[in-house]
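Trainee: Sequence:
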Amino acid sequence: QNPQLRYQYRLIGYRDEWSEWTGQAFQQYRSLPAGNYVFEVRSRGTDLQEWPAAAVRVTMLPPWYRSRMAWSGYFLVVVLLTSGSIRWANYRARQRLRELQALVDVQTKDLCQARDDLEQRVEVRTTQLRRTNQQLLTEIEQHRVTAQKLNEREQQFRSVVEDQTEMVIRFRQDGLLTFANRAFRELHHLNESDVDRFNCFTVIHPDDRERVIQKIQNLSPHQPFETDVIRVTRSDGTKDRAVWHGRAIFDADGRHCGYQAVGRIVTELFEAQQRLQESELRYRSVVEDQKEMIVRFGIDGRITFSNQAFARSYACSPEEVVGMSCYTGIHPDDLPEAKRRIARICYQHPFADMVVRIVKEDGNARWREWNGRGLFDEAGNLLGY
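Going from the sequence shown to our numbering is simple: count from 1 and add 73.
Just so you know, these hints were derived from the structure itself, not from any lab.
By construction, the Cβ of each residue, glycine as well, lies at the ideal position given by its N, Cα and C atoms.
Please note that the accuracy of each hint is not assured.
What the hints assert, rightly or not - Below, in silico cross-link-like pairs of lysine-lysine (DSSO-like), each with a Cα-Cα straight-line distance of 30 Å or less:
#, residue 1, residue 2
1, K433, K364
2, K364, K412
3, K288, K312
4, K433, K412
Unchecked claim - Pairwise CB distance ranges (calculated):
#, residue 1, residue 2, range
5, C389, E351, 25 to 33 Å
6, F148, K182, 26 to 34 Å
7, T377, D326, 39 to 47 Å
8, T377, D426, 46 to 54 Å
9, E351, E393, 23 to 31 Å
10, L249, R328, 17 to 25 Å
11, S308, E393, 47 to 55 Å
12, R245, I367, 52 to 60 Å
13, V302, D267, 24 to 32 Å
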């Protein structure tokens, strides 16, 4: 290798373009396909003068497994395998035929044996059927006795339902009653003979009727229950409120069979709740109008209620105050003592009075007196402050 020379290569038949000039005086080609090639090389010196190209003819033979001899061997192997497969298939077919013949002989013998066994089993079965028939007659008598007992229990159940103070009814989809206990009949002045001609939808207040009917029609096997508070009208025109628990009745195949409902008059309870709500509104209005600040907070210190006076002191609305910490704005020097006083509140000593400084947004501190007390349930558990 002369360092003053540069070389170019090409292998015609594989890569016809000349390579880049290089000082390497050899070239390798790997995995050349079989065929005829011409390898050419030319050189030049430092004066850039090129010498004529030298050429070498190269013939690449295919690998042995792709030679003509190998292909002949492959063909011979395929012929032998095909011939052997055919002979083996013929042998297996003859063998299978002999096996099938033996199987037919065995099955014929088995069929004869099965016929004899069947005749014997028929005789045994006939005897069993006679016994079963006798057992059925006995069971029929037992079912008759059971049905009689069920009828007696049904009468007992009906008497229990009749004596219920709550109203119990069963009705069809159009509202016609199929059963009503004494409480319902007395409320609407019905005789037992009038029940199957009475439509229970007629006693529902007109403003509630459409809603109730829609709820009833929406009942399904997946959601058979519904509860509602509705307004009802008695036969004398008196208006009542009643809570009804209704359910749709379906058979085992999911077919609708009717409806059943249990109800009771809750007029007094409803009126008591209304009076309680009115009292709460009056109490809330009194608290809201107080000039003193009133606030309630939980055990975690989060505010749950405040009146307008407290909210104004923080330039917020009462709704915005909810969730704030009750310690917001307390001077850092007064905060530990305030927490200690609140922590000492218990069922025996529910009150805590304190005077603390409140730091306003402008940085000025103002003194504020608080009169606190703990809120406890009947068991003495702390609920809040």
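Trainee: Are the hints correct? Go through all of them and say.
Mentor: Status of each hint after checking the structure:
no.: 1; hint: K433 - K364; in the structure: holds (19 Å)
no.: 2; hint: K364 - K412; in the structure: holds (25 Å)
no.: 3; hint: K288 - K312; in the structure: holds (22 Å)
no.: 4; hint: K433 - K412; in the structure: holds (20 Å)
no.: 5; hint: C389 - E351: 25 to 33 Å; in the structure: holds (28 Å)
no.: 6; hint: F148 - K182: 26 to 34 Å; in the structure: violated (52 Å)
no.: 7; hint: T377 - D326: 39 to 47 Å; in the structure: violated (54 Å)
no.: 8; hint: T377 - D426: 46 to 54 Å; in the structure: violated (21 Å)
no.: 9; hint: E351 - E393: 23 to 31 Å; in the structure: holds (27 Å)
no.: 10; hint: L249 - R328: 17 to 25 Å; in the structure: holds (19 Å)
no.: 11; hint: S308 - E393: 47 to 55 Å; in the structure: holds (54 Å)
no.: 12; hint: R245 - I367: 52 to 60 Å; in the structure: holds (57 Å)
no.: 13; hint: V302 - D267: 24 to 32 Å; in the structure: holds (26 Å)
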